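Reassemble the complex: the two chains are provided individually, in unrelated frames, and hints are given to aid placement.
Take a look at the letters that make up each chain.
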Amino acid sequence: MEILLVIIIGLLHAGGLYMLLRRSMFKMIIGLILLGNGANLLIFLLGRLVKGHPPVIEDGMKVFADIYADPVPQALVLTAIVIGFGLQSFAIILIKRVYNVLHTDDLDELNSTDEEI
Amino acid sequence: MIVLPIIFQFVAGTILLFFWQKTTLQKFLSILFSIIGLGISIWLFLLVWENGIMITQSGDWKAPFGISFVADTFGVTMVLLSSISGLAVSIFSAGSMRKERLEFGFFPILHFLIMGLQGAFLTGDIFNLYVWFEVVIISSFVLLTLGGKKQQLEGALKYVSLNLLASSLFLIGIGFIYGLTGSLNMADVAIKLDNLQNRGLVSVTSGIFLVAFGIKSAIFPMYFWLPASYHTPPPAVSAIFAGLLTKLGIYAMLRTFTLMFGGDEFMGDIMVILAALTIFSGGLGALLQQNMGKIFGYLIVCHIGFLIAGLGMYTELAIMGTVFYLIHDIIVKTNLFMVSGLILKINGTQDIRELGGMYKNFPIISLLLAIPLFSLVGIPPLSGFWAKIFLIQAGLQTQDYVLIGFIVLGSFLTLWVIARLWSEVFWKNGIDLPKKANGLYFSQMTKTDQWLMVFPIVLLSGISLYIGFGAENIIILSQRISTELMDPSGYIEAVLGLKTMTP
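Chains as they are written, first to last, in this note's numbering: chain A, 6 to 122; chain B, 86 to 588.
Treat the hints with care, since some could be wrong.
What the hints assert, rightly or not - Computed Cβ-Cβ distance ranges for the label pairs, DEER-style:
#: 1; chain 1: B; residue 1: 105; chain 2: A; residue 2: 66; range: 52 to 58 Å
#: 2; chain 1: B; residue 1: 582; chain 2: A; residue 2: 66; range: 23 to 29 Å
#: 3; chain 1: B; residue 1: 434; chain 2: A; residue 2: 29; range: 31 to 37 Å
#: 4; chain 1: B; residue 1: 285; chain 2: A; residue 2: 66; range: 36 to 42 Å
#: 5; chain 1: A; residue 1: 87; chain 2: B; residue 2: 147; range: 25 to 31 Å
#: 6; chain 1: A; residue 1: 29; chain 2: B; residue 2: 582; range: 51 to 57 Å
#: 7; chain 1: A; residue 1: 87; chain 2: B; residue 2: 445; range: 53 to 59 Å
#: 8; chain 1: B; residue 1: 574; chain 2: A; residue 2: 9; range: 41 to 47 Å
#: 9; chain 1: A; residue 1: 32; chain 2: B; residue 2: 465; range: 50 to 56 Å
Said to hold, decoys possible - Here are some chain A residues pointing at chain B (derived, C-beta under 7 Å):
#: 10; residue: 33
#: 11; residue: 40
#: 12; residue: 41
#: 13; residue: 51
#: 14; residue: 81
#: 15; residue: 92
#: 16; residue: 95
#: 17; residue: 96
#: 18; residue: 103
#: 19; residue: 106
#: 20; residue: 115
Since the hints were made in silico from the structure, they are not lab data.
The structure presented is a predicted model; accordingly, all values stated were derived computationally and were not measured.
Just so it is clear, CB atoms sit at the ideal spot from N, CA and C, and this is done for glycine as well.
In isolation and in its complexed conformation, chain B is listed as follows (with noise of 0.2 Å):
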């Protein structure tokens, strides 16, 4: 029952692709299956939250020998964002995406993607959750190099090595995890790992683990694939890349280290010094960059630093931190790119020394984007502010005052970045550009299209403010998915059927 938003994902991209290059048609029909999956997911998310855990074995095989699905608040709660960015990306790539980049299978990839992220978060097998990160790899490699443009192309080749050898060095991690507990259930995996004398193998296991999924979410030294690549291919992609490929990276960290490998001290002490750097580096590559969909990509290096700090860190509060700061992380980020999407096509580039008199010309779309940027920085009652509020609290429990600098120093970074981008790209006056790109600009595209683009921006920055406003609920959540992950005997418990709920 709990693989229904898998299943649904599934079957929306297998109906899309009968309808090959019928664009107005997949248009309306991806939007209209976005929205009923992300109906599903709530359902799921509130069935979640009402019962607790709940698990399916496929096959109904019992718990370690067959494949369970797992549905825990930190899965569900996945599921919903991804949702929510995967309507926000489809209804933003209807009304932005050029027709040949559609008629080549844009939206089953965009669902099929969606279809794998959705599992990777709901699968409690190791072995599982390396099917799914190829699943969506491999979508991903699709919409990078769709359309096959030469810097889509180059920026593809780093972004494909890279993911490829994260995949391979993934998989030798599960095969270590094999080798020592000859299980690769998570839950029974976590029971065995723990009674192990051998610590100094779990360690050097959990540490292929984190530089697989360091890659994969761009943390310090393993970051440069991204701001080379996630700049190339269209807005629409970047943004659901930025909101959720990395993030799945963090998710898969955030499940292994508190699951299997709960609380190394050796590893904590690793990921704060990583978290530290990845801050650093990432802010001051912003900092440098003229092009904004390349300060986005190193803004996204930066932010991963402050989700990395929380786990590093291992109490309740960090952790909850975290969560928070990723519910906040991934609306925003996919926010963001669309943004950059909706400047690039009212003024056919992105180069922030050309551009200029957003504010002049567009008042009230500058007023609206104005609300991801500055959730991004942490403006106090927007929703940047409270995560970093947790963060700070925790290092100071755990008495990480250098972290602390960094994280502050990170906020600042962030701070100068947007203010520059935004004195340079709505204040200033513009200049007059020759219209160079080819395709249409904003002025040009019919009303409905322009909805389209608008539309998610402003869905988006209305659950920003929500998630700042609002942030009571997101507490309460966070909170519970923290205990979950501190605690994960009732995971353990549930999937290995001391106490099941099989739905």
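Chain A extracted, bound-state conformation (with noise of 0.2 Å):
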């Protein structure tokens, strides 16, 4: 299973670099939406993978007998889900109204803010 996730992260990674490499805005921000993605996963990796222990005490114990799954890394995840969610929608919005403003979908025209004037 980590074998599987770390595979997962590195092509979401890959993907994510590779969008963001290409001309498009609207790639830009599938790049962005996928690194946020390997990031999130990376996360949930890092804070170990434990299958069928919940982290809830057994009836009539006062501490944990087994090894248990992390909360932590999940409450993580969900958190920058949220927040990479509110980002991401922000950004594609924005790209829509360049878009309208601008009437083109290719970065390297969208210059005027670096040329001397």
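Put into structure tokens, the structure is as follows:
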């Protein structure tokens, strides 16, 4: 399972970076979303995967007798997903506005703020 | 108790939301709230100054488990500075901002931005720091795009994409930290990272943090978004960005690299190299530009280099120089963009080739504007001078002669830029420009609005002068901060409850 996740994380990051380096605005946003998902999975993985041991103390026990799944990474990932969702939706609205105003999807044409004026 | 400034800003922003589109009332309330917020920050600052580090554990969960808020001297100083800049920008935007922008919630967002900043300065938890970062950048996105001009949208796209990238890198870094230590509380992480055998992994993690914060604070290879976006929004927005957002990155860097990755030599060397290149490229960039907003944008980059330089050298004196520079820089950079806003309002353009005759037409205002401009350069009694002295002294101690060379070069480049600006904008005879900008010019504004624009510049210039002439007080303050930063054991003890002072 870990190996599979590691490969998925690697693929997400590679795909995200590839998309970021394209010239289209739309692909850039997709790249950022992929990178965000990769980061979320990474946190999940680094919190160690434990199967079948929920972090609940069993009846009659005072402490955990066995290893248990760490709940913190799940909380972190959840927070990160929500925040990421907000930011990404803002970014998507932004590129829509930019497209409406500038009529182009090509990042190379967005250079008027860099020009000598 | 120490979360009071954060809660107050949140309440202020929320109350302002109820007065949607009632701009006059919003202006008044925003200034009032900013003054109260400043009062709270001063109170907190004095309290921490007297009592030492104070802790609030949220929900009263003991330290490594809950989210702790830590008010040490560095944190409260930053809160105080952000309140001062917030007040200045609030007054300035009440005078200068156009009605269309004010109607769409400029003031509430401004208060939420300040809330995010103060949260980031006071938190003691690395993931919570990430959350505050996101609060800050989402508010800054809104402020940047408010108004929806073509240029603004373009600048915002660059700003948004790189900030999102930096956030996901920051998140990856946090993931590594959690994987290595199983903790998120910065004090706890500091202890556990110290005991870790695998130094390579720690270095890699600190590298990820360096890149993430580096993008946010615009250091050398990652600064290109800044000059492309900071001149596009109205000057009041640029002022708060310039004063506080890049400095938030620096704050996070100072905090993590002193507390968690204390004195990693490899990273120190990299930072020194990056600092030198940042100073150089920012200075040269500023020299080439003709638009005032872009000149100041490059100057931000240039002076971020000075801040990184102190952190890279990593001695007590160097950190002290950095902290002093940070205090000076926040005030001056906020002021600088307000100056450019005032000049824009007077002349209707920011192109320095078209400007001129300021000194002839507005001698008193010109003299006022000279204060921030020349404190930036660091002409001796003014505030920039002292900070540079300490950095150079620290460089002599650690024998980083090349870095000293770059610091001096950076100062000269700044001097050149400002001198060019002064001769072009203030001394040169102005040409009569056609009044092409839509919107009111300074001469057409009401007396109140004019005062609202000039007063914050007077206020911040006064503080700049105080930092320059009352330098011994600031030196005592930055010495205390650097001692606390270089020896984090007091911080760690206070957070982990070995010596609790829960109010």
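List of violated hint numbers, smallest to largest: none
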